[in-house]
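Trainee: With the hints as extra help, turn the sequences into a complete structure.
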Amino acid sequence: NVRPEDLIVYELHVQDYTAQLQDLPPALRGTYVGLAQGGLKTPGGLTAGIDHLAELGVTAVELMPVMQYDKETTTAAGRVNHWGYMTTNFFAPETRYASHPGEEVIELKRLVQAFHHRGIAVFMDVVYNHTGEASWVQHGRLADKCYNLCDDIPEIYRGTGTGFFANASGTGNDIDFSGGDRFTKHLVLDSLALWHTVYGVDGFRFDLARILADGSTDAAGWVSADPRFARAHLHAEPWDLEGQWWNFMDSPPWGWRNNRWAKWIGKYRDGARLFSKSDLRDPGMLKRLIEGRGAVPGTDAAASSKPWRSINFVAIHDGYTLRDCMFFNDTDGSQNCWDSGGDEDLRRRREKLLLGLLLTSNGVPLLQQGDEFGRTKSAAGQDGAKNSWDWESTSGEASVNAVNWIDWGLKDGNAEGSRNGPSYGRELSEWARGLIALRRRWTQFRQADFVEYAPAPRATPGDPANDGRLSYSWEGPAAGSPSQLAVIRWGRPGEPDLMVIYNESWSPFSVTNLGDWSPRPWKVLARSWLPRGNDFCGMPDWRACPDAGPTFTVDGRAMAILASSRD
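In my numbering, each residue carries its 1-based index in the sequence shown increased by 75.
If you're looking for bench data, these hints aren't it; they were derived computationally from the structure.
Among the hints, a few may not be true.
[As the list claims (entries may be wrong)] In silico lysine-lysine, DSS-like type, Cα no more than 25 Å apart, as pairs: (1) K342 with K362; (2) K146 with K116; (3) K342 with K381; (4) K352 with K342; (5) K116 with K184; (6) K598 with K362; (7) K362 with K352; (8) K362 with K381.
The structure presented is a predicted model; accordingly, all values stated were derived computationally and were not measured.
Mentor: Written out as structure tokens, the structure reads:
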């Protein structure tokens, strides 16, 4: 029952999340039961496991694939498929996450109930664009393992006319969804109905969703039209490996007018990372990120969209963690990452800036597991950290498996057990928790619709003319330089007015006209550049926070949040 604009989504992998949680019995680590277990602690005694998510304040978890999948789909010696994006049964939970053989159905159901008990919705990452069989297999040739479809119904896969299956998925076995009443569509719809109605799953993230629309006149409307899961959230990874990144869902036949769908915004990640490097230098783009405008500006889609249709993220499973994006130099330019010149304090500041931008932007924020306390995969080297899908060993070799596992000591601020991990994990975690609490308390960062601009300062305290609207104050310096932006988010009755100041530059800058925007004092709620204990003022008694004064200075590559009472 979470409204789409209230979603704060957290992506996690069932095994990774608890595999190194020493507070759990070894037999339960990496299992459905272990993930559902409450009362767990980090090595330093802080909240861990499922209770960490409730403490953090997220409103939904997105489980990486938990349908049964083929593990033996990698060519690396001694390695297996770790992430699970090679489904072999659309109707059964993955057995390897069960604490007891044969108990995976009841254990997954109880896991969903455990999340619901804490007020957290459950999404599944679903892979319907291809299967775990016939990967890179020519028509007529048997795969080493044939599960249920390729031999008997080869037309399930999309051909190319050259004797091979289509490969927009990157695995060489795209499912064919062309035509109106095609049986492959019923397969997907029945699967979705099972997970929603029998297991209680609240929403779905569709892997490489553009393939679902391929060749169909109604695009993926056939998914959203099924009444059996009419209340489920539908999120699309709106591209495939053949391209079509930005414009997909921005033009017919899909279109943003289909109000059931939201989509991952890859350009949010790209722009936000450039911003943290002082390389975005585009105030118009920064405004689109802040406002949750994922559709291409100037199109019909932009006019008909909603902020919550933009799923915003700065790091996700198929790339670097947030920490690793601050640690490695991006050699090919594809990830917009920078090693921060080896400066650990700059890495800390940039991570806090990115988390701050994400959690103060309209649209749905999506966090990757462990990014809120500095998780790293750098033990796999730069290439492995960028793509760790098969970093699991058949021999159980801990040095390989632990690459993807969460090191809960990082939340304590202890990086001794994590190669290249930060010592500021506790600071990051508390920073993220404070921002989420602020986001959930007031409506300014979770608008259901785009708000109107209010160009003039509020004339009198509590003036209803600007309720819920948006203003931009300071927008210097010149075009082509790093952006410096103050965003005033006017409150509604019972809410303060908020001012969020973003500084892309490496140099400090000052906002000198605070008194023009409110005759009441502006209180300082958050300053990303300051260390733990001084960076976030306590909620809910925000009126006791320090005064900003008539002029307020924001440090380089940093952000701040101010609040002014309306009564």
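Trainee: Are the hints correct? Go through all of them and say.
Mentor: Cross-check of the supplied hints:
no., hint, result
1, K342 with K362, "holds (13 Å)"
2, K146 with K116, "violated (31 Å)"
3, K342 with K381, "holds (17 Å)"
4, K352 with K342, "holds (15 Å)"
5, K116 with K184, "holds (24 Å)"
6, K598 with K362, "holds (24 Å)"
7, K362 with K352, "holds (17 Å)"
8, K362 with K381, "holds (15 Å)"
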